[in-house]
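Each protein sequence line maps, in turn, to chains A and B. So the first sequence is numbered by our numbering: it starts at 1 and just counts up by one. So the second sequence is numbered by our numbering: it starts at 212 and just counts up by one.
No wet-lab data here; the hints were simulated from the structure. Among the clues, some could well be false.
[Stated by the list, open to error] Quick list of in silico lysine-lysine cross-link-like pairs, PhoX-like style, CA-CA up to 25 Å:
no.: 1; chain 1: A; residue 1: Lys99; chain 2: A; residue 2: Lys4
no.: 2; chain 1: B; residue 1: Lys483; chain 2: B; residue 2: Lys566
no.: 3; chain 1: B; residue 1: Lys343; chain 2: A; residue 2: Lys132
no.: 4; chain 1: B; residue 1: Lys329; chain 2: B; residue 2: Lys483
no.: 5; chain 1: B; residue 1: Lys416; chain 2: A; residue 2: Lys132
no.: 6; chain 1: A; residue 1: Lys188; chain 2: A; residue 2: Lys132
[To be verified] Derived coverage of chain A by chain B (criterion: at least 3 residues anywhere in the stretch with Cβ under 8 Å from a Cβ of chain B; other residues may be distant):
no.: 7; region: 38-51
no.: 8; region: 134-140
no.: 9; region: 152-163
no.: 10; region: 178-186
[Said to hold, decoys possible] Non-contacting residues of chain A with respect to chain B, defined by C-beta distances greater than 10 Å in every case (computed):
no.: 11; residue: Met1
no.: 12; residue: Glu21
no.: 13; residue: Ala92
no.: 14; residue: Val130
no.: 15; residue: Thr167
These figures come from a predicted structure and were not determined experimentally. The beta-carbon is built from N, C-alpha and C at its ideal position, and this holds for glycine as well.
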Amino acid sequence: MLVKDVMNSPVLTVEASVTLEEAYHIMLQRNIRHIPVMREGRLVGMITDRDIRLATSPFAPGGAKSTAIPVEEVMTQPVFTAEPLDPVEEAARVMRERKIGALPILEGERLVGIVTGIDLLEALLRLTGVEKPSGRLEVCLEDRPGELARLSSELAQQNINIHSLLTYPYGEGTVNTVVRVGTLDTRKVARSLRQKGFKVQWPPEIPSKSL
Amino acid sequence: MSALVVYSPQYRLYNFGPRHPFSPVRLEMLVDLLQHLGHPLHFVEPTQATREEVRSVHLESFVRRVEAAGRGEYFPDFVHYGIGTADTPIFPGMDEAARWLVGGTLTAARMVVGGPAKEVLQLGGGLHHAQKDLASGFCVYNDLSVAIRYLTDQGLRVAYIDIDVHHGDGVQWIHYDEPNVLTFSIHESGRYLYPGTGHTHEIGKALGTGRKLNIPLEPFTEDESYLEVLQMGLEPALRWFRPDVLLVQCGADAHFQDPLAEILLTTQAYAKIFPLLRQYAAAFAGGRAVYTLGGGYSLDATSRIWALLYLTLQDLPLPDHLPEAWLRRWGTQLGHFLTHTLFDPEGAYPEIPRKAEIERRNRQVTERMLESVRPYWN
Numbered sequence: 001m002l003v004k005d006v007m008n009s010p011v012l013t014v015e016a017s018v019t020l021e022e023a024y025h026i027m028l029q030r031n032i033r034h035i036p037v038m039r040e041g042r043l044v045g046m047i048t049d050r051d052i053r054l055a056t057s058p059f060a061p062g063g064a065k066s067t068a069i070p071v072e073e074v075m076t077q078p079v080f081t082a083e084p085l086d087p088v089e090e091a092a093r094v095m096r097e098r099k100i101g102a103l104p105i106l107e108g109e110r111l112v113g114i115v116t117g118i119d120l121l122e123a124l125l126r127l128t129g130v131e132k133p134s135g136r137l138e139v140c141l142e143d144r145p146g147e148l149a150r151l152s153s154e155l156a157q158q159n160i161n162i163h164s165l166l167t168y169p170y171g172e173g174t175v176n177t178v179v180r181v182g183t184l185d186t187r188k189v190a191r192s193l194r195q196k197g198f199k200v201q202w203p204p205e206i207p208s209k210s211l
Numbered sequence: 212m213s214a215l216v217v218y219s220p221q222y223r224l225y226n227f228g229p230r231h232p233f234s235p236v237r238l239e240m241l242v243d244l245l246q247h248l249g250h251p252l253h254f255v256e257p258t259q260a261t262r263e264e265v266r267s268v269h270l271e272s273f274v275r276r277v278e279a280a281g282r283g284e285y286f287p288d289f290v291h292y293g294i295g296t297a298d299t300p301i302f303p304g305m306d307e308a309a310r311w312l313v314g315g316t317l318t319a320a321r322m323v324v325g326g327p328a329k330e331v332l333q334l335g336g337g338l339h340h341a342q343k344d345l346a347s348g349f350c351v352y353n354d355l356s357v358a359i360r361y362l363t364d365q366g367l368r369v370a371y372i373d374i375d376v377h378h379g380d381g382v383q384w385i386h387y388d389e390p391n392v393l394t395f396s397i398h399e400s401g402r403y404l405y406p407g408t409g410h411t412h413e414i415g416k417a418l419g420t421g422r423k424l425n426i427p428l429e430p431f432t433e434d435e436s437y438l439e440v441l442q443m444g445l446e447p448a449l450r451w452f453r454p455d456v457l458l459v460q461c462g463a464d465a466h467f468q469d470p471l472a473e474i475l476l477t478t479q480a481y482a483k484i485f486p487l488l489r490q491y492a493a494a495f496a497g498g499r500a501v502y503t504l505g506g507g508y509s510l511d512a513t514s515r516i517w518a519l520l521y522l523t524l525q526d527l528p529l530p531d532h533l534p535e536a537w538l539r540r541w542g543t544q545l546g547h548f549l550t551h552t553l554f555d556p557e558g559a560y561p562e563i564p565r566k567a568e569i570e571r572r573n574r575q576v577t578e579r580m581l582e583s584v585r586p587y588w589n
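Given these sequences and hints, build the entire structure.
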């Protein structure tokens with residue numbers, strides 16, 4: 001999944017000369033927290049609702065600033081940016097490491113979008129979510145070449161489509177694999193996988209079940 | 212007045228083959244059990260649904276493909292419509308067979324509107340997974356949605372209640388933005404079970420917001436907890452919505468014997484659920500209700516649960532023991548033991564160590580569902 005798949009576009013921007021008060025009102029009206037700051041069509045900084053609230057607070061070191069000053073006096077610069085073709089996980093890493101809430105997206109010099117923490121949550125939901133009616137299989141695989149291929153070929157043989165697949169490290173030398181499959185009867189699949197020696201975590205085996 | 216019953220042997224044409232769980236044997240065993248119970252059977256013969264009626268819900272492109280598949284023709288994009296998959300394999304005449312089930316539910320809906328009966332039991336249908344352009348989860352055409360469309364076209368408000376163990380996703384999505392359709396589905400959580408949806412945050416959109424309700428249950432939920440949250444979630448919704456008619460999908464796969472899911476109801480629970488739904492129909496919908504069948508893949512459990520449904524709606528007494536001749540015939544045919552009593556024996560499944568935790572979580576999820584829809588109830 002790429003940044004361009006989750007970014008917001010077009011982006012609302014302000015000029016560097018806009019006052020804190022004006023910028024704050026825009027944020028309130030549009031229900032947003034981050035605005036890229038532009039000068040002569042080029043990105044020069046980022047202004048957030050937090051920047052404005054901290055600068056104008058009576059607790060601010062050196063006293064509260066006037067709400068009539070231009071945003072360029074309190075904006076963050078230089079700005080961390082990303083590109084539309086960057087993978088989302090790279091954007092997420094930058095945001096987490098720099099502890100920032102949004103990344104403007106540049107194509108060359110041109111501002112083409114913005115990605116916020118909420119967009120990354122959306123990406124997480126899309127990656128882990130249920131896009132199509134599907135059943136859930138959870139299989140614990142040995143962490144070695146060919147195991148996933150063995151699992152997927154088993155499913156293919158049963159004419160079962162895989163809608164999504166997630167793996168994550170689990171215990172020593174094993175990975176858990178959560179497969180969303182296009183069948184209601186996951187138990188039948190689980191049974192045949194167990195017969196082939198797979199360690200199926202879900203659906204569970206229930207000894208008392210009888211037809 | 213007791214319920215009228217719609218049934219046709221044509222329903223058994225809906226057959227994905229001998230190894231498929233959605234088996235017409237379920238109907239055969241049920242009708243045979245009803246016969247053996249000795250009460251005279253009067254079935255109303257349904258009219259097969261027309262293509263136009265199916266099209267009131269399903270897209271032309273989808274219907275054309277189902278028809279072609281049933282004639283043995285092939286489209287390379289069948290799989291995008293869920294046709295020819297492991298769950299809904301192609302069989303000859305699948306369009307006609309599916310239209311019989313739709314016709315039955317539609318016939319039942321017409322009877323409730325037209326007056327010959329307030330309560331109608333459709334001994335078939337309940338294909339709640341089918342979407343407007345997708346066959347899914349053993350369901351080709353969505354008989355429930357076709358009936359709902361008919362009822363709302365008559366200006367009626369419909370409360371759809373789905374007790375199948377799987378989320379009633381097809382019905383929910385088809386009517387997701389409709390203000391005159393309340394959908395209520397209680398099912399094993401999509402976190403664990405097909406189709407993966409049916410979370411409390413799915414509450415409808417546009418004018419339908421607050422009118423799509425879901426109670427996703429913990430796996431291994433038992434009778435008491437199920438009944439507790441069913442009443443807790445459904446009663447206030449019906450009291451507020453004031454439907455003109457209930458449409459109830461009575462899938463029997465929340466039973467502990469069901470091989471496809473993890474909810475642990477006994478037939479004792481169903482003996483409480485069905486009268487409860489009847490009471491709700493009387494209290495909130497002028498007594499008008501259509502009941503259909505649905506999922507249910509333990510032949511032992513489905514026969515008993517749906518017989519219970521039939522007997523309840525007919526105001527007939529519930530027998531303790533099932534007829535010997537029926538038990539012998541089907542026990543031999545299936546080659547395994549059948550429960551001899553309508554009610555399940557005590558201690559039929561192992562004790563569940565997480566019971567208290569499961570009850571707490573079910574209660575909490577139901578509260579959360581009500582909190583998220585109530586702001587839209589005005």
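Taking the hints in turn, this is what the structure says about them:
| no. | hint | in the structure |
| --- | --- | --- |
| 1 | A:Lys99 - A:Lys4 | holds, 21 Å |
| 2 | B:Lys483 - B:Lys566 | holds, 20 Å |
| 3 | B:Lys343 - A:Lys132 | holds, 13 Å |
| 4 | B:Lys329 - B:Lys483 | holds, 21 Å |
| 5 | B:Lys416 - A:Lys132 | holds, 19 Å |
| 6 | A:Lys188 - A:Lys132 | holds, 20 Å |
| 7 | 38-51 | violated (count 0) |
| 8 | 134-140 | holds (count 3) |
| 9 | 152-163 | holds (count 4) |
| 10 | 178-186 | holds (count 6) |
| 11 | Met1 | holds, 19 Å |
| 12 | Glu21 | holds, 33 Å |
| 13 | Ala92 | holds, 23 Å |
| 14 | Val130 | violated, 4 Å |
| 15 | Thr167 | holds, 18 Å |
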